[in-house]
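Following the numbering used here, the numbering of the sequence shown begins with 4 at its first residue and continues without gaps.
Keep in mind the hints are simulated off the structure, nothing from the lab. Keep in mind that a hint or two might mislead.
Once the Cα atoms are required to be at most 30 Å apart in a straight line, the calculated DSS-like pairs of lysine-lysine come out as [stated by the list, open to error]:
1. 144 <-> 62
2. 144 <-> 72
3. 62 <-> 72
4. 102 <-> 62
5. 72 <-> 102
6. 144 <-> 102
7. 62 <-> 95
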Amino acid sequence: MDRRSLLGLVAVFATTPTAARSFAVKSPRSTGLENQQVQRLFEAWWQRDEAQFRDIFVKRLMNDGSPMKRDLADDLARLDPLAVSAFDIFSKMFLDEGKNRRIVLLVNTNAGIFAACSEHNSAVDSNAEDDLPDLHLFLIKMLGLNARSVTHLTTVATPEPNKVGIWSGN
Numbered sequence: 004m005d006r007r008s009l010l011g012l013v014a015v016f017a018t019t020p021t022a023a024r025s026f027a028v029k030s031p032r033s034t035g036l037e038n039q040q041v042q043r044l045f046e047a048w049w050q051r052d053e054a055q056f057r058d059i060f061v062k063r064l065m066n067d068g069s070p071m072k073r074d075l076a077d078d079l080a081r082l083d084p085l086a087v088s089a090f091d092i093f094s095k096m097f098l099d100e101g102k103n104r105r106i107v108l109l110v111n112t113n114a115g116i117f118a119a120c121s122e123h124n125s126a127v128d129s130n131a132e133d134d135l136p137d138l139h140l141f142l143i144k145m146l147g148l149n150a151r152s153v154t155h156l157t158t159v160a161t162p163e164p165n166k167v168g169i170w171s172g173n
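Taking the hints into account, I'd like the entire structure generated from these sequences.
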């Protein structure tokens, strides 16, 4: 997917008017730790480790990745509580542990982090038309290094499991 198509997706899928105007791609230097957190989130999800998945949301971290002091974390939790539905997506996707999964693209923007994930059945030929691999697109909202929400945007079956260009023609 080219940058123009991705930025168009950001504008379409942003959930608030403010976020819709804020879709500039962040610099790689400032996003490394955020992207690592997103990778940890998906690894916990794929391993069906709900406790570790929740920790990405609730264990507050400082911008350098160190744990936040408890009193500050408690104050922030009171001021900005997580939505009750923040963890609902865990039980709705990636339930089949026999599939191979990997993140094929992370794009960190001011509106959130877009993650494209490839998922395919390891027992099936990836060229077979009856069980095509899936590409899932998610938007992860972050507050610093803490995930605040994960939204599934779309899924498409594709014979090319590791390419996100499939969305560029839509």
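Run the distance test for residue 62 versus residue 95: straight-line Cα separation, threshold 30 Å. holds (23 Å)
Decide if the proposed pair is consistent with the structure: residue 144 and residue 72, CA atoms, cutoff 30 Å inclusive. holds (22 Å)
Proposed proximity, residue 102 with residue 144 (alpha carbon, max 30 Å): It holds: about 26 Å lies between the C-alpha atoms, which stays within 30 Å.
Below or equal to 30 Å on CA atoms is what counts here, so check residue 102 against residue 62. Holds: residue 102 and residue 62 sit about 29 Å apart, inside 30 Å.
With the threshold set at 30 Å, check whether the alpha-carbon distance from residue 72 to residue 102 stays at or below it. Distance ~39 Å between residue 72 and residue 102 Cα, so the pair is violated.
Taking 30 Å as the top limit, are the C-alpha atoms of residue 62 and residue 72 close enough? Roughly 10 Å separates the two Cα atoms, so the pair holds.
Are residue 144 and residue 62 close enough, with their CA atoms no more than 30 Å apart? holds (15 Å)
In this structure, the one hint that does not hold is number 5.
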